[in-house]
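Engineer: Spelled out, the chains give:
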Amino acid sequence: MALFGRRNVLLVLLAVALVLPAVANSYQLYIGNLVLIYTLLAIGMNLLLGFAGQLAFANAAMFGIGAYGTGLLQVHFGLPFAIAFPAGALIAAAVGLAISFPALRLSGLYLALSTLAFAQFTQWIFLHWEGVTFGAGGFKTPQISFDPLPVSKPVGLYYLSLLVAVALYIFARNLVASRVGRAFVAVRDGEVAAQSLGVDLLRTKALAFGISGFYAGVAGGLYSQALNYVSPEGYDLFQIVLHKAMIVVGGMGSVAGSLLGAGIIIIVLELLRAVKGAQEIVFGGILLVFVLFLRGGLISVIQRYVKGWDEPLHAAPPRRDEPPPLAVPATPVAERAAP
Amino acid sequence: MLDIRNLKVSYGLTQVLRDVSFSVPEGKIVALLGGNGSGKTTMLNTLTGLVKPGGGSILFQGQECAGIDASDFVKRGVVQVPQGREVWASMSVDDNLELGAATRHDRAGIKTDLAEIYELFPKLKVHRRRNAGSLSGGEQQMVAIGRALMARPKCLLMDEPSAGLAPSIVADMVDTILALNKRGLTILLVEQNIGVAAAVAEYAHILQSGEIAFSAPAPGLVDNPAVLSSYLGR
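Sequence order for the protein chains is A and B. Under UniProt numbering, the first residue of the first sequence carries the number 1, and numbering increases by one thereafter. Under UniProt numbering, the first residue of the second sequence carries the number 1, and numbering increases by one thereafter.
Derived by calculation from the structure, the hints in this document are not laboratory data. We treat Cβ as the ideally placed atom computed from N, Cα and C, and that holds for glycine. One thing to keep in mind: the hints can contain errors.
[Claimed, not checked] With a straight-line cut-off of 20 angstroms between C-alpha atoms, the simulated EDC-like cross-links for lysine to aspartate or glutamate are: (1) B:Lys154 x B:Asp72; (2) B:Lys52 x A:Glu130; (3) B:Lys75 x B:Glu119; (4) B:Lys125 x B:Asp175; (5) B:Lys75 x A:Glu191; (6) B:Lys75 x A:Asp200; (7) B:Lys125 x B:Asp172; (8) B:Lys52 x B:Asp175; (9) B:Lys52 x B:Glu64; (10) B:Lys52 x A:Glu191; (11) B:Lys154 x B:Asp19; (12) B:Lys182 x B:Asp172.
[Stated by the list, open to error] With the Cβ distance kept under 8 angstroms, some of the chain A side facing chain B (calculated, not the full set): (13) Ala82; (14) Asp189; (15) Gly198; (16) Asp200; (17) Arg295; (18) Arg304; (19) Gly308.
Start from the sequences and build out the full structure, keeping to the hints where you can.
Structural biologist: Here's what the structure looks like:
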């Protein structure tokens, strides 16, 4: 394996992540935690959009459902975080599964619009079901501690995020290399061919939505504790833009690209926080550059120039000079040479 | 092997297939010819469960298959090579072929079949790690055929395998179809290219506006000006 091969780079990143709490101040640790949380969101979005090709906008809603689920189970039912957190993620996964049923009948813009409507509906619930969600003001999440482990809450939470992110990263890698992952890509690349060879469309899409929802839900649970606070605007349409931007920058159809995109977007946005207005301009600029010139995302550049970066199932950016395969003009029967 | 009786299919109010009956005997190649919009692709999609028939029956090896799911057709041994190849472009040739066996769970058998397909198409073996979308049209057609073979079909339904290919590649395709048939595969070939059909098929049916308008031994078709002009509009 080459020196800068994928495994080596990821191991170095993991080592850096492991020692971060020892060298970083609390703000930097918070940013590190955010990167891990958004990596989960980006992987979830990438599985659904980059691999399975489902243009869905419900990820922010699942993120919110994970956060609200985790927080409210603690507030209303007094459940400990250790139970509320996985329960919140499972609720998000269940909702993801549920919205995959109408999604089986829809595709493209119609799927995008209906899932967008669902995301807005979730926002409405967060805002107006005040008895349960505490409305526009949101609510503070209960304090958690990592006793008997000898760590403070931020450090404990950071390591929890790291553990979850590493586990779910490895799970996603194995998933996309498995038959299920191949079925995701087959559904994206050619739904009819997939169906005609016996790939179960319902099951494949439902899995993609459910797994993607689970990732977003897990991220939501961690995020609620990272902020210590849950309110509707944390899970609005801007989040969708953010998640999509991460996989566009990192690379659609690449698990490593999700990590890369999440890291870059979060760090760039944080660096620009001090300059008023700069965030939006730079964010828009980055998106434009990638959409116009770097359709495969950063991972496609790395894949081309770094030896040993062997990224299976990576979505090739569509080449504009290439006509679609069916656009070949049909020659009349009489002109075709009879073999 | 495949008996189609009084098959009717409609999309909403439009009847696409009206009362079509024909059969594909075991071990033979039968061609289904027809111009654009005659119902050829609908016929294949109905015979593989992608479209549900409004009436009639599809008997495969004596068993009624009308209305069963696409994956059940594959499991029983009826597999389609779709029109326009439809390879999974961003997946490697290897992955395309392996997912062709989506309905199978015998790992060892899948491995042997994969090796056999690379023997049949040595060109594919060279490109096995490349994305299928980066291959030439002829090579993509090989991927599409190989992928269907991975499902271990007894009856292969091919939708215009010669469409959009250069004449020399079409000749290779004819050889491939004959070779597959020699290995015992029953084939229903849907074509617009009478030359290809005449070169491989024993019998041909001409589909026109959703009905079988003419049936004849395939080899004589190229010399039959009446058939060419009245049924295919040439």
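Engineer: Indicate, hint by hint, whether the structure satisfies it.
Structural biologist: To see whether the hints hold, each was checked on the structure:
1. Proximity of B:Lys154 to B:Asp72 is assessed by CA-CA distance (about 13 angstroms); at most 20 angstroms being required, the pair is judged to hold.
2. Distance restraint check for B:Lys52 and A:Glu130: the Cα-Cα separation of roughly 48 angstroms exceeds the 20 angstroms cut-off, and the hinted pair is therefore not satisfied.
3. Between B:Lys75 and B:Glu119 the CA atoms are separated by roughly 24 angstroms; this puts the pair beyond 20 angstroms, and the hint is violated.
4. As the CA atoms of B:Lys125 and B:Asp175 are separated by approximately 19 angstroms, the hinted pair is consistent with the 20 angstroms bound.
5. Of the supplied pair hints, the one linking B:Lys75 and A:Glu191 holds, its CA atoms being roughly 18 angstroms apart against a limit of 20 angstroms.
6. For the hint pairing B:Lys75 with A:Asp200, the CA-to-CA distance comes to about 12 angstroms; that is within 20 angstroms, so the pair holds.
7. Between the alpha carbons of B:Lys125 and B:Asp172 the distance comes to roughly 17 angstroms, so the proposed pair stays at or under 20 angstroms and holds.
8. Only pairs whose Cα atoms come within 20 angstroms are accepted, and B:Lys52 paired with B:Asp175 is rejected, the gap being roughly 33 angstroms.
9. Proposed proximity of B:Lys52 and B:Glu64 is supported: the alpha carbons are some 13 angstroms apart, at most 20 angstroms.
10. Taking the CA atoms of B:Lys52 and A:Glu191, the gap is about 17 angstroms. The hint holds against a cut of 20 angstroms.
11. At most 20 angstroms may separate the alpha-carbon atoms for a hinted pair to count; B:Lys154 and B:Asp19 exceed this at roughly 25 angstroms.
12. For the given pair, B:Lys182 sits about 15 angstroms from B:Asp172 by alpha-carbon distance, which is consistent with the 20 angstroms threshold.
13. Contact between A:Ala82 and chain B, as hinted, is not supported at the beta carbon level, the nearest pair being about 38 angstroms apart and thus beyond 8 angstroms.
14. Nearest Cβ of chain B to the Cβ of A:Asp189: about 4 angstroms, under the 8 angstroms cut. The hint holds.
15. Interface hint at A:Gly198: satisfied, since its Cβ lies 4 angstroms from the closest Cβ of chain B, which is below the 8 angstroms cut-off.
16. The interface hint given for A:Asp200 holds, since its Cβ lies 6 angstroms from the closest Cβ of chain B, which is under the 8 angstroms cut-off.
17. Because the smallest distance between the Cβ of A:Arg295 and any Cβ of chain B comes to about 12 angstroms, over 8 angstroms, the interface hint for this residue is violated.
18. The beta carbon of A:Arg304 is not positioned within 8 angstroms of any beta carbon in chain B (closest approach about 14 angstroms), and the interface hint is therefore violated.
19. At a threshold of 8 angstroms, the smallest CB-CB gap from A:Gly308 to chain B is about 15 angstroms, leaving the interface hint violated.
Hint compliance for this structure: hints 2, 3, 8, 11, 13, 17, 18, 19 are not met, and every other hint is.
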